[in-house]
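Protein chains: 2
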Amino acid sequence: MDVVLFLAFLAACVAAASTGALFAPGAWYDGLTKPWWTPPPLVFPIVWTVLYLAMSYAASRIGAQAATAGAPVALALALWAVQIALNTLWTPVFFGLHRMRAGLVIIVLLWLAVAATTVQFLRLDLVAGLLMLPYLLWVTIAAALNASVLRLNRA
Amino acid sequence: MDVVLFLAFLAACVAAASTGALFAPGAWYDGLTKPWWTPPPLVFPIVWTVLYLAMSYAASRIGAQAATAGAPVALALALWAVQIALNTLWTPVFFGLHRMRAGLVIIVLLWLAVAATTVQFLRLDLVAGLLMLPYLLWVTIAAALNASVLRLNRA
Chain A
14 MDVVLFLAFL AACVAAASTG ALFAPGAWYD GLTKPWWTPP PLVFPIVWTV
64 LYLAMSYAAS RIGAQAATAG APVALALALW AVQIALNTLW TPVFFGLHRM
114 RAGLVIIVLL WLAVAATTVQ FLRLDLVAGL LMLPYLLWVT IAAALNASVL
164 RLNRA
Chain B
14 MDVVLFLAFL AACVAAASTG ALFAPGAWYD GLTKPWWTPP PLVFPIVWTV
64 LYLAMSYAAS RIGAQAATAG APVALALALW AVQIALNTLW TPVFFGLHRM
114 RAGLVIIVLL WLAVAATTVQ FLRLDLVAGL LMLPYLLWVT IAAALNASVL
164 RLNRA
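Taken in sequence, the protein lines are chains A and B. Counting from 1, position 78 in the first sequence corresponds to residue 91 in the numbering used here; the numbering is continuous, with no gaps. Counting from 1, position 88 in the second sequence corresponds to residue 101 in the numbering used here; the numbering is continuous, with no gaps.
Calculated from the structure, these hints are not laboratory results. Be aware that a few hints might be false.
Sample of chain B residues facing chain A (criterion: CB under 10 Å; computed from the structure) [stated by the list, open to error]: (1) G33; (2) P53; (3) V63; (4) L99; (5) T101; (6) V121; (7) W124; (8) D138; (9) L143.
All residues carry an ideal CB built from backbone N, CA and C; glycine is no exception.
Kindly generate the complete structure, drawing on both the sequences and the hints.
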């Protein structure tokens with residue numbers, strides 16, 4: 014088992030899983046009429062934990078098959094999956110929840126994921142790596158904007 | 014250029030990009046104090062469109078390097094990226110925006126992405142494919158629950 018690869022895929026799952034905590038069901042969901050076969054609330058976090066572990070391990074097994082080109086190809090694509098999940102997460106947290114501090118944490122993690130993806134891409138293919146640089150630059154600007162807006166609107 | 018691979022990565026980007034429309038900045042963001050170097054609003058969709066195209070093409074170039082194991086390895090991992098992005102998207106739309114109909118559209122697309130990932134995984138590695146089946150089953154239940162809740166709470 015390629016632990017690094019597994020953990021990279023799991024990191025993408027952590028981004029997805031965090032939505033369960035950030036966007037809790039709450040009073041609105043409690044007030045909805047639900048079918049009789051709705052699973053009890055406690056089932057969801059347990060099932061999702063198992064599923065995220067399973068899908069990360071499954072993806073790491075598939076990634077291991079790209080072994081002829083070396084582990085980096087699979088790792089590069091796993092890191093790409095991490096960044097697209099974090100990218101999907103930021104907007105709802107910032108513009109949906111108006112949580113500027115949580116948004117900053119996410120965009121810093123996104124920056125790290127994009128940087129790691131870019132480094133791996135550069136190692137494998139110069140053109141692919143260069144194509145990621147404008148993205149890294151833009152996330153740098155976006156992170157600075159998030160931090161600045163947080164600082165200017167503390168009141 | 015592997016068009017199918019490019020389009021698979023682009024599909025993950027479409028999930029991420031949709032947050033821009035679903036969670037629009039609105040009055041809250043307009044009312045925030047922003048630094049003088051904040052880019053004008055129109056810049057964001059233009060830049061993001063270019064960046065999403067660039068990162069999808071970059072990933073498809075990297076994926077093409079897994080060619081010795083056949084294109085399916087890279088395609089399988091690209092589909093995995095699509096499902097984790099859609100997975101990240103559903104919760105904010107359903108529990109954040111309370112948009113049950115948009116949630117249903119997303120979870121149906123998630124089901125298709127998980128099904129496609131599972132098929133590709135099964136082709137490459139039996140264990141990896143089998144590990145995805147509980148996820149496919151659970152998304153089936155979750156989609157049925159979303160559809161049922163939408164139907165029962167139309168008023």
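How the hints compare with the structure:
Because the smallest distance between the Cβ of G33 (chain B) and any Cβ of chain A comes to about 6 Å, under 10 Å, the interface hint for this residue holds. Against a cut-off of 10 Å between C-beta atoms, the interface hint on P53 (chain B) is violated, since the closest Cβ of chain A lies about 12 Å away. Hint on V63 (chain B) holds. Least Cβ distance to chain A is approximately 7 Å, under the 10 Å limit. Below 10 Å, beta-carbon pairs count as interface contacts, and L99 (chain B) has one with chain A at about 8 Å; its hint therefore holds.
This hint holds: T101 (chain B) has a C-beta 4 Å from the nearest C-beta of chain A, less than the 10 Å allowed. Given hint, V121 (chain B) at the interface with chain A, is violated; its Cβ is 17 Å from that chain's nearest Cβ, farther than 10 Å. For W124 (chain B), the interface hint is violated, the least distance from its beta-carbon to any beta-carbon of chain A being 14 Å, above 10 Å. This hint holds: D138 (chain B) has a C-beta 5 Å from the nearest C-beta of chain A, less than the 10 Å allowed.
A distance limit of 10 Å between C-beta atoms decides the matter here; for L143 (chain B) the minimum to chain A is near 8 Å, and the interface restraint holds.
In this structure, the earlier hints numbered 2, 6, 7 are contradicted, and the remaining ones agree with it.
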